[in-house]
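S.K.: Given next are the chains, with one letter for each unit.
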Amino acid sequence: MPVSDAPETPRAINGRAPDAFRVGGWMPMRCFSDDEEVDFAIVGAGAGGASLACRLAEHGFSVVALDAGPYWRPLEDFASDERHQAKLHWNDERLVDGDNPLQLGSNNSGRSVGGSMVHFAMVSLRFRPEWFKARTLLGYGADWPLDWREMWRYYDYVEQALKISGPVRYPWGPRRPRYPYRPHELNAAATVLAKGAEALGIAWSPTPLATLSAPRGLAHPCVYRGMCVLGCSTNAKQSPLVTWLPRAIKAGAEVRDLAMVGRIEHDRDGLVSGVRYHRDGGWRFQRARNVIVAGYAIETPRLLLNSASQRYPDGLANSSGLVGKNLMVQSNQAVWGVHEREIRSYKGPPSLAITEHWNYAPSADFFGGYAYMSQGPLPVEAAATQIRRGLWGQRLLDEMANYNHRVGLKMVGECLPQERNQVTLADERDRFALPIARVTFSYCDNDKAMIAHALAFMRRALAAAGGRDIFEETDDTCHLNGTARMGFSAGDSVVDGDCRSWDIPNLWICDGSVFPTVGGVNPSLTIQAIACRTADRIKTLAARGEI
Amino acid sequence: MAELYPGYDVMAKARTPSWNEQTRRVVEARLAIDPEHHRFFTDAEWLTMKAVCDRIVPQDRAHPVPLAAMVDGKLADGEGDGYRNASLPPQADAWRRGLAALEAEARARHGRCFHALEAAERNALLTAMQQGLLAGQAWAGMPSALFFSARVLPDIVAAYYAHPLAWNEIGFGGPASPRGYVRMDFDRRDPWEAAEARPGHEAQAQRMNARVGRT
Amino acid sequence: MSPARQAHLAAAMLAASVLADSGVEHYRGSFYNRAMFAPLAAAAATLAAGVAGAMGSRSRFPRDRVYALAAIAGVIGLGFHAWNILKRPGRLSWENLFYGAPVAAPAALVLAGTIGAAADAAEKGKRSWRGLPLGRLLAAVSALGLAGSAGEAGLLHFRGAFQNPAMVLPVSGPPVAAALIAGAAAKPSKGLRRIADLWLKLTAALGLAGVGFHAFGVGRSMGGWRNWRQNLLNGPPLPAPPSFTGLAIAGLAALALLEDGADG
Chain A
100 MPVSDAPETP
110 RAINGRAPDA
120 FRVGGWMPMR
130 CFSDDEEVDF
140 AIVGAGAGGA
150 SLACRLAEHG
160 FSVVALDAGP
170 YWRPLEDFAS
180 DERHQAKLHW
190 NDERLVDGDN
200 PLQLGSNNSG
210 RSVGGSMVHF
220 AMVSLRFRPE
230 WFKARTLLGY
240 GADWPLDWRE
250 MWRYYDYVEQ
260 ALKISGPVRY
270 PWGPRRPRYP
280 YRPHELNAAA
290 TVLAKGAEAL
300 GIAWSPTPLA
310 TLSAPRGLAH
320 PCVYRGMCVL
330 GCSTNAKQSP
340 LVTWLPRAIK
350 AGAEVRDLAM
360 VGRIEHDRDG
370 LVSGVRYHRD
380 GGWRFQRARN
390 VIVAGYAIET
400 PRLLLNSASQ
410 RYPDGLANSS
420 GLVGKNLMVQ
430 SNQAVWGVHE
440 REIRSYKGPP
450 SLAITEHWNY
460 APSADFFGGY
470 AYMSQGPLPV
480 EAAATQIRRG
490 LWGQRLLDEM
500 ANYNHRVGLK
510 MVGECLPQER
520 NQVTLADERD
530 RFALPIARVT
540 FSYCDNDKAM
550 IAHALAFMRR
560 ALAAAGGRDI
570 FEETDDTCHL
580 NGTARMGFSA
590 GDSVVDGDCR
600 SWDIPNLWIC
610 DGSVFPTVGG
620 VNPSLTIQAI
630 ACRTADRIKT
640 LAARGEI
Chain B
128 MAELYPGYDV
138 MAKARTPSWN
148 EQTRRVVEAR
158 LAIDPEHHRF
168 FTDAEWLTMK
178 AVCDRIVPQD
188 RAHPVPLAAM
198 VDGKLADGEG
208 DGYRNASLPP
218 QADAWRRGLA
228 ALEAEARARH
238 GRCFHALEAA
248 ERNALLTAMQ
258 QGLLAGQAWA
268 GMPSALFFSA
278 RVLPDIVAAY
288 YAHPLAWNEI
298 GFGGPASPRG
308 YVRMDFDRRD
318 PWEAAEARPG
328 HEAQAQRMNA
338 RVGRT
Chain C
12 MSPARQAHLA
22 AAMLAASVLA
32 DSGVEHYRGS
42 FYNRAMFAPL
52 AAAAATLAAG
62 VAGAMGSRSR
72 FPRDRVYALA
82 AIAGVIGLGF
92 HAWNILKRPG
102 RLSWENLFYG
112 APVAAPAALV
122 LAGTIGAAAD
132 AAEKGKRSWR
142 GLPLGRLLAA
152 VSALGLAGSA
162 GEAGLLHFRG
172 AFQNPAMVLP
182 VSGPPVAAAL
192 IAGAAAKPSK
202 GLRRIADLWL
212 KLTAALGLAG
222 VGFHAFGVGR
232 SMGGWRNWRQ
242 NLLNGPPLPA
252 PPSFTGLAIA
262 GLAALALLED
272 GADG
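Taken in order, these protein sequences are the chains called A, B and C. Our numbering applies: residue 100 is where the first sequence begins, and numbers increase by one. Our numbering applies: residue 128 is where the second sequence begins, and numbers increase by one. Our numbering applies: residue 12 is where the third sequence begins, and numbers increase by one.
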């Protein structure tokens, strides 16, 4: 079985781009020539890059967004099949090492126009306000050069842009406006979380999700097919494919698919001058007045390091030596049990219920917080949790026979930034002859203490809701952040609060890489909020003549 | 073991609104895989590979899921996973080296080919691999436990649970687009889902399962 | 059509809506509880009685008992639905009001039964029912029903985030009709009755148009009508809007009784 019938050649060419809403459809797109010096070349069209492309184009800048992946039309390109839909992942080799080598590929990478949001689980959460001053207020990690009240306004904006379906009243944190769409119905797996939380006396909530609970334009409401992490074939999921990108293209941005940027070039003054990228069989060079790197926490540092030159021998924007450092994941451990009643968790979005209790009522045992959510693994993923326990043969088959009664709770926990966790370049090269990334990760004691706390608590909650024969899945992580952190000075960070690199004023970094700390919630909403803020800041700075 | 979902065949749904054209193409291609066809493995490796698959996922059916052929296809097409433990060689090399090393262990211990061993003997060797107890020359420094946990199990088990026969076995609803699901509460099933055989109600489940393709 | 027959027609219309709606909704609920068949039986009998009454049938069939049974079934249904909501985690929460058993739906059976009982009394030439003047009684039931149904539509259209501007119509129009009919009953005034008459006719038409809007909603869902097994259940409910039509017809019957000056 070939990985995909992924388009081998670019689709977004000749003045048009695929229209995600119509089978075989196109929308007109302004196209720039390589020689035309655009205001912004954006590397990566995922959560960060797509929202930036949209907002910058809407602010009147000329924008080209380049993405290594194909430009899909979900209605016709996405099959209901776990194995086939691996075509949405970043499947090129990366090396993993450290005490706790990460699993990459499926749940934390994406190679598509739209990025990993094309197959994300749609969980759209705000940071706890104090996390933006984690060092000052909570005593760990680092402060952000951003004010939570300002971020709160950008969260409002992104939630509207994605028509997030969420509870009428959210139980935690400062007041927030009502979610644009109402919450989805709970499935049995989510009800188990709710019952467990109530038994233990903590709050729970329907999860705010970026999938429609009612129609929106040409997008269908969710049909609860449960294959969200394989890519949504109905357009209910509000990924960049159906939100930011059509807006961006309408506003005059160009999106280039299957365009792998291998190097950022600079001129004699040390300012970046454009990007060298591979598309349609050859290397090309797009001139740009500014370059914004939005490749997520592995490809972003990899590109900056691969762009090393005589003038910048350690890579671009790396005078602090922090490019690639402080890689943060989120701990993603789970407890799984068997319920007497049929759960059939393959129905509906996988994480319909959540508790953020331990984000807002932190334990004395560790720094940081965690949320946990209900789960709905499809068969291959469900089997993966069993083989991580080392099961095979008849024991594996016996455990999998409980598939429709299996129910679990899974954490998203805040790992602390550590410089030893990092992305570096390996000796091996990929199909573009570019050095591949080596990703080194080890938990620290604080991470381990939090995981132990979460597993013990989730075990009690699951048992209280009728879970039997409970086992722990101890070896999983999710999300990737850090590696180009924002901060207060050129010595302590790679970029400032506007995502502008300290070293090169026309080089920007805007994706999950800039997080100084990672929080105990899924990062996509925060990445988009930062990107929307950055676009507004760029407009302000440009008006003042500071760009 | 009696069937948990008697008479349930997810393929009966292939022409219902639960499946779309692109999904039919993908799954039908998988069903058309020739269980004996191999492009990546040599003939010798192929025998070992089939004997490994047979132990990792024992199958008691006339036409088993062609696990070895599915893994062979992945390797022949160079489908990556997006990452690799730095202590392992690339997947193709890892498989060749691992199978050769397993074969060498079988000959050293039993004087026979791995595929000629009894099931219990093969299980014992695989268990030793899982525990990292195999470290002969043929491994050339590749940790056998890591090979087992990061290559053998994921590649074979992911192939198995991607197959409709496995979906039938565990009562998975299978492909679902354009039609998804309506009834999501405990113990509720849509008429196009597998019905579980409760003790004493097997015939009822059988009747319901006969209808999933007609709804 | 006489006010009595008109009121029978109203009861029939409302019962038809309940029959179809509870049929679909309880099918979605897999008739998990045997009691879920009860409203179907009650609504079917009410429908038959109402149609017979509207056609002026002189059969000796005890229609009043059917109507009384329908009302009782409705009251019991209210209890079941409240229990269904309150047993869920979150108890009386928005989530459960959205997705639990619809809290006010069984009230439609109570309304159908009451309207039918009033129709039956009017048919027998009575001017009051248990001491209540018929015109005012029917007006009150119609007003209450319209206001309540508007509330239910409001809750469910809020669940749908009022994504289509037309979704405000059943929330804004029927309460006005309810106020007008209540006003006409409270204060005899020809002018008020005329406005109420017009507004009730519009409301009756809105109920029928609602089926069209909902059919559009079903068709624009994923898979369209080919996926009817899902979209009829998860899309906007086709049988719900005609309850407005039934209640508006009851209001028109009330107006006619009030007009007769029997009690106004």
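To be clear, the hints were calculated from the coordinates, so they are not data collected in a lab. Some hints here could point you the wrong way.
[Stated by the list, open to error] Chain A regions said to be covered by chain B (calculated; three or more residues, Cβ under 8 Å):
1. 184-198
2. 325-332
3. 604-612
A virtual CB, placed ideally from N, CA and C, is assigned to each residue, including glycine.
S.K.: Each hint should be assessed against the structure and marked as holding or not.
M.R.: Evaluation of the provided hints:
Note: the segment 184-198 of chain A has 10 residues with beta-carbon separation from chain B under 8 Å; the three-residue rule is met and the coverage holds. Here the segment 325-332 of chain A counts 3 residues with a CB under 8 Å from a CB of chain B, which clears the bar of 3, and the coverage holds. A stretch counts as covered by a chain when three or more of its residues have a beta carbon under 8 Å from one of that chain; for the segment 604-612 of chain A and chain B the count is 0, and the coverage is violated.
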